[in-house]
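Chain by chain, the residues run as shown.
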Amino acid sequence: MKTPRFLLPAATAGILALTLSACGGGGGGGTTGGGGSDADQNLDARGPITFVQGKDNNNVIRPLIDKWNAAHKDEQVTFKEQTDQADQQHDDLVQHFQAKQSDYDVTDVDVVWTAEFAAKGWLQPLKDKMAVDTGAMLPATVNSATYKGTLYAAPRTSDGGILFYRKDLVPNAPKTWDEMMGMCSVAKANNIGCYAGQFSKYEGLTVNASEAINSAGGSVLDKDGKPSLNTPEAKAGLGNLATAYSNGNIPKEAITYKEEDSRQAFQSGKLLFLRNWPYVYSLMSTEGSSAVKDKFGMAALPGKDGPGASSLGGHNTAISVYSKHKATALDFVKFLTSAESEKFYATQGSLAPVLGSLYTDQDLVAKLPYLPVLKTSIEKAVPRPVTPFYPAVTKAIQDNAYSAIKGEKSVETALSDMQKSIESAGAGS
Amino acid sequence: MATELGPTPVKAPASGGTPVHHAPKGVGEDNRIASQGRWAAWLLAPTIVALAVVIVYPIISAIVMSFQKDAGLDPATGLFTAGGPAGIQNYVNWLAQQCSAPSGGTVACPPGTLGGQFWSATATTFFFTVVTVAFETVLGFWMAMIMARTFRGRSLVRAAVLVPWAIPTAVTAKLWFFIFAFEGIANKLFNTTILWTGSEWPAKWAVVIADVWKTTPFMALLILAGLQMIPAEVYEAAKVDGTTAWQRFRLITLPLVKPALMVAILFRTLDALRMFDLPYILTGGANNTTTLSILVINQIRQGFNSAAALSTITFIIIFLVAFIFVRFLGANVVEQSGASGKGKK
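Line order of the protein sequences matches chains A and B. Following UniProt numbering, the numbering of the first sequence begins with 1 at its first residue and continues without gaps. Following UniProt numbering, the numbering of the second sequence begins with 1 at its first residue and continues without gaps.
Check before you lean on any hint, since a few could be wrong.
What follows is a set of in silico ranges between Cβ atoms, one per label pair, in the way DEER data are often shown [as the list claims (entries may be wrong)]:
hint: 1; chain 1: A; residue 1: S357; chain 2: B; residue 2: F126; range: 54 to 64 Å
hint: 2; chain 1: B; residue 1: V321; chain 2: A; residue 2: S37; range: 41 to 51 Å
hint: 3; chain 1: A; residue 1: D84; chain 2: B; residue 2: T192; range: 30 to 40 Å
hint: 4; chain 1: A; residue 1: T413; chain 2: B; residue 2: F276; range: 24 to 34 Å
hint: 5; chain 1: B; residue 1: F276; chain 2: A; residue 2: P48; range: 49 to 59 Å
Result set (BS3-like, lysine-lysine): computed pairs, CA atoms no more than 30 Å apart in a straight line [stated by the list, open to error]:
hint: 6; chain 1: B; residue 1: K204; chain 2: B; residue 2: K174
hint: 7; chain 1: A; residue 1: K406; chain 2: A; residue 2: K252
hint: 8; chain 1: B; residue 1: K188; chain 2: A; residue 2: K293
hint: 9; chain 1: B; residue 1: K174; chain 2: A; residue 2: K55
hint: 10; chain 1: A; residue 1: K188; chain 2: B; residue 2: K188
hint: 11; chain 1: A; residue 1: K175; chain 2: A; residue 2: K295
hint: 12; chain 1: A; residue 1: K167; chain 2: A; residue 2: K252
hint: 13; chain 1: B; residue 1: K174; chain 2: A; residue 2: K270
hint: 14; chain 1: B; residue 1: K188; chain 2: A; residue 2: K295
hint: 15; chain 1: A; residue 1: K226; chain 2: A; residue 2: K409
hint: 16; chain 1: B; residue 1: K204; chain 2: A; residue 2: K406
hint: 17; chain 1: A; residue 1: K226; chain 2: B; residue 2: K69
hint: 18; chain 1: A; residue 1: K252; chain 2: B; residue 2: K174
hint: 19; chain 1: A; residue 1: K406; chain 2: B; residue 2: K174
hint: 20; chain 1: A; residue 1: K258; chain 2: A; residue 2: K293
hint: 21; chain 1: A; residue 1: K80; chain 2: A; residue 2: K67
hint: 22; chain 1: A; residue 1: K73; chain 2: A; residue 2: K343
hint: 23; chain 1: A; residue 1: K334; chain 2: A; residue 2: K55
hint: 24; chain 1: B; residue 1: K174; chain 2: A; residue 2: K223
hint: 25; chain 1: A; residue 1: K258; chain 2: B; residue 2: K188
hint: 26; chain 1: A; residue 1: K304; chain 2: A; residue 2: K175
hint: 27; chain 1: B; residue 1: K174; chain 2: A; residue 2: K258
hint: 28; chain 1: A; residue 1: K304; chain 2: A; residue 2: K223
hint: 29; chain 1: B; residue 1: K188; chain 2: A; residue 2: K406
hint: 30; chain 1: A; residue 1: K270; chain 2: B; residue 2: K204
hint: 31; chain 1: A; residue 1: K293; chain 2: B; residue 2: K174
hint: 32; chain 1: A; residue 1: K148; chain 2: A; residue 2: K226
hint: 33; chain 1: A; residue 1: K258; chain 2: B; residue 2: K204
hint: 34; chain 1: B; residue 1: K204; chain 2: A; residue 2: K148
hint: 35; chain 1: A; residue 1: K148; chain 2: A; residue 2: K175
hint: 36; chain 1: B; residue 1: K174; chain 2: A; residue 2: K80
hint: 37; chain 1: A; residue 1: K252; chain 2: B; residue 2: K188
hint: 38; chain 1: A; residue 1: K409; chain 2: B; residue 2: K204
hint: 39; chain 1: A; residue 1: K188; chain 2: A; residue 2: K295
hint: 40; chain 1: A; residue 1: K55; chain 2: A; residue 2: K367
Simulated from the structure, these hints should not be mistaken for lab results. Quantities reported herein were computed from a predicted structural model and do not represent experimental measurements. Ideal Cβ positions, reconstructed from N, Cα and C, are used throughout, including at glycine.
Please build the complete structure, drawing on both the sequences and the hints.
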């Protein structure tokens, strides 16, 4: 045999390269729909599983997993902690699901990703044998986890927007948008800004713009998931923000605000009204630099004739269709969403529960005084558009709402562009 | 080991660069060359595998993907289905800014889609590239001239100049984000109320300023290396001949530092063309600061295959710019020829 020996390394190299490429091969090629067969398998299987979520900031999930592991010797849960960046968490999940890996059994899913993952066929439908009882949960949180009429994840924590107001300047919180705008004369008299939310061009603007549209009685998507923005209600909603920005009721700098900038503006006494998430409560009432410590109150967001419709934040918990031990996974999901665990999220991590009953729980209200207001907020809340094309939809809302608020284009044009962009995203390519 | 040997001459794997000596032939000599070649092949194998895995495979895979349609939604089940072959449609869509229409076919991309941003992102990318590289070259040259001199505390100055370059870009971006915030230092210092990240030109200049601050040291360092190659005698001779400082700079420094300068400009240009983290963190791509790389990243979340097409287009654009530089402007990176380092015209 006269095989030139030096070909050997080359051949080895080639084979190695091929093997490695094969590993990555599933990466981007085709996203296969369905998953019907995967969803029917391993429903009764029990064994060790892995739970995946982003950074466990307040040491909430580890004690719970320890508790579970102590009681379930043969069904141990391993915790896989991701980064604290939402985009990175999303991409990490996509990679694992795309490769059909079974090592992510139970995952934490942001409310806005749920539809996308469900449409990709990666999440186990929670029905029949896998059903989870959502009867006691706030309906808006259940809607955020429902795609095409099927529940794909169990709501675990929630969040809603709250109106913070200076109770030393306005004794009673405004109930409607017009009422709030009427109170802006108080802000002018005190030489401070009147109202701000988060209007920088990022996810927060989608939240604020959707709130404006929903609060005025409009909606971004209709029941069938089609955009419904060319309506007088949507025009009134987005128009409210655009008008307030142009007449100065929303200060000019608010176009650069994200959550923290807007909190600092309110906290240093430069704003009369602030729309923000409940997390700012403890910071504004305890931080040494806060100029508004005992001077602010909390109320539901103002709407057209009553409380407005907040956008919904929070996280759901889903089971991967590729999990090998789905019976254990389901038990673990039920454990994570039990009343006891929900209460622990609230006390340990200040995370809003999804169970309505906890919002009137005496212990919790003593610790988190905003809970009753937040309950109203979440009861009225509308999930951000539940669509598998969420990245494109949020982009369409951000770009056009930003231009409309800044007055670069009319509200009608902005809404019609938004409508067309979302239609185009849904059309696929 | 091997005693039986094919007569085949050693084929050094491409881009190997191992010197293979072509000595006069003799049997023993031949043996030695062959075993040397075999040894070289073994040594090179890991590198080739690594290159194949991390460079060749992803590029080919991306090009293949770019000819596939993105997954579409099956209206009946609400589930995604693979898109199938697309031909050059993805490329056409980007270049002509066409988006799919609800009724089938394509329409001009409405504002609020990524597809409608291709040409503006290209213009923004080139704007950033030209402006930042111009500033960095002038400032870098100036800094290099200072650093090249001998004076007390020179090493301290050199170290201080390098600090911005040593900070990771993401950190730099966050730093400047705070500086350019409405309540930030920039506005406090100049007593202005500019919305730096809230309108188009301030946002663009914010990115330019941050990038110049960060990357000028890199430029300065490369130019400094070029300056130090110039022998001091040349200047002395010129002085004896009674030249002015300006003449020395124009007739001696500039021509002699040109090879190093061109390489520095080429590197920076290619780097600036793929600018991503700075605008992404500083402005989030708002107010027309979306570069091609930001567009690619955003598109990845909406559909892999058109993102692959876009990144291929970006690759071609950067490749063309590099080609023009090397071919016509005499940036001499690849050739290691003459000490004069004249680029080929």
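These are the hints, each one checked on the structure:
1. Checking the proposed 54 to 64 Å range against S357(A) and F126(B) shows it holds: the Cβ atoms sit about 59 Å from each other.
2. The hint said 41 to 51 Å for the Cβ distance between V321(B) and S37(A), and at roughly 49 Å that hint holds.
3. Against the hinted window of 30 to 40 Å, the Cβ-Cβ separation of D84(A) and T192(B) comes to about 34 Å, which satisfies the hint.
4. Distance hint check: the CB atoms of T413(A) and F276(B) are about 31 Å apart, consistent with the given range 24 to 34 Å.
5. For F276(B) and P48(A), the Cβ-Cβ distance of about 40 Å falls outside the hinted range of 49 to 59 Å, so the restraint is violated.
6. Proximity of K204(B) to K174(B) is assessed by CA-CA distance (about 16 Å); at most 30 Å being required, the pair is judged to hold.
7. Among the hinted pairs, K406(A) with K252(A) is consistent with the structure: their alpha-carbon atoms are about 9 Å apart, no more than 30 Å.
8. About 26 Å separates the Cα atoms of K188(B) and K293(A), which keeps this hinted pair within 30 Å; it holds.
9. Only pairs whose Cα atoms come within 30 Å are accepted, and K174(B) paired with K55(A) is accepted, the gap being roughly 21 Å.
10. With a C-alpha separation of about 23 Å, the suggested pair K188(A) and K188(B) falls inside the 30 Å cut-off, and the hint holds.
11. Pair hint K175(A) plus K295(A) holds up; C-alpha atoms about 19 Å apart against a cutoff of 30 Å.
12. The straight-line distance between the Cα atoms of K167(A) and K252(A) is roughly 24 Å, inside the 30 Å bound, and the hint therefore holds.
13. Our distance criterion of 30 Å between C-alpha atoms is met by K174(B) and K270(A), whose separation comes to about 24 Å.
14. Taken as a hint, the K188(B) and K295(A) pair is honoured in the structure, with Cα atoms around 27 Å apart against an allowance of 30 Å.
15. About 23 Å separates the Cα atoms of K226(A) and K409(A), which keeps this hinted pair within 30 Å; it holds.
16. At most 30 Å may separate the alpha-carbon atoms for a hinted pair to count; K204(B) and K406(A) meet this at roughly 17 Å.
17. Restraint check: the Cα-Cα separation between K226(A) and K69(B) comes to about 22 Å, which is no more than 30 Å; the hinted pair holds.
18. Annotation: proposed proximity of K252(A) to K174(B) holds, straight-line Cα distance about 22 Å (limit 30 Å).
19. The straight-line distance between the Cα atoms of K406(A) and K174(B) is roughly 24 Å, inside the 30 Å bound, and the hint therefore holds.
20. Restraint check: the Cα-Cα separation between K258(A) and K293(A) comes to about 21 Å, which is no more than 30 Å; the hinted pair holds.
21. The hinted pair formed by K80(A) and K67(A) meets the criterion: a straight-line CA distance of about 16 Å does not exceed 30 Å.
22. The hinted pair formed by K73(A) and K343(A) meets the criterion: a straight-line CA distance of about 25 Å does not exceed 30 Å.
23. A distance of roughly 21 Å separates the Cα atoms of K334(A) and K55(A); the hinted pair therefore holds under the 30 Å criterion.
24. Among the hinted pairs, K174(B) with K223(A) is inconsistent with the structure: their alpha-carbon atoms are about 40 Å apart, more than 30 Å.
25. Between K258(A) and K188(B) the CA atoms are separated by roughly 20 Å; this keeps the pair inside 30 Å, and the hint holds.
26. Taken as a hint, the K304(A) and K175(A) pair is honoured in the structure, with Cα atoms around 8 Å apart against an allowance of 30 Å.
27. Pair hint K174(B) plus K258(A) holds up; C-alpha atoms about 14 Å apart against a cutoff of 30 Å.
28. As the CA atoms of K304(A) and K223(A) are separated by approximately 21 Å, the hinted pair is consistent with the 30 Å bound.
29. A threshold of 30 Å between alpha carbons decides the hint, and for K188(B) with K406(A) the separation of about 24 Å falls inside it, so the pair holds.
30. Proximity of K270(A) to K204(B) is assessed by CA-CA distance (about 28 Å); at most 30 Å being required, the pair is judged to hold.
31. A hinted pair counts as satisfied when its Cα atoms are at most 30 Å apart, and K293(A) with K174(B) qualifies at roughly 29 Å.
32. A distance of roughly 13 Å separates the Cα atoms of K148(A) and K226(A); the hinted pair therefore holds under the 30 Å criterion.
33. Annotation: proposed proximity of K258(A) to K204(B) holds, straight-line Cα distance about 20 Å (limit 30 Å).
34. Between K204(B) and K148(A) the alpha-carbon distance is near 43 Å, which puts this suggested pair outside the 30 Å criterion.
35. The suggested pairing of K148(A) with K175(A) is violated, with an alpha-carbon distance near 34 Å, which exceeds 30 Å.
36. Simply put, K174(B) and K80(A) have alpha-carbon atoms about 28 Å apart, close enough for the 30 Å limit, and the pair holds.
37. For the hint pairing K252(A) with K188(B), the CA-to-CA distance comes to about 17 Å; that is within 30 Å, so the pair holds.
38. For the suggested pair K409(A) and K204(B), the alpha carbons sit about 21 Å apart, so the restraint of at most 30 Å is met.
39. The straight-line distance between the Cα atoms of K188(A) and K295(A) is roughly 18 Å, inside the 30 Å bound, and the hint therefore holds.
40. Restraint check for K55(A) and K367(A): satisfied, since their Cα atoms lie roughly 24 Å apart, inside the 30 Å limit.
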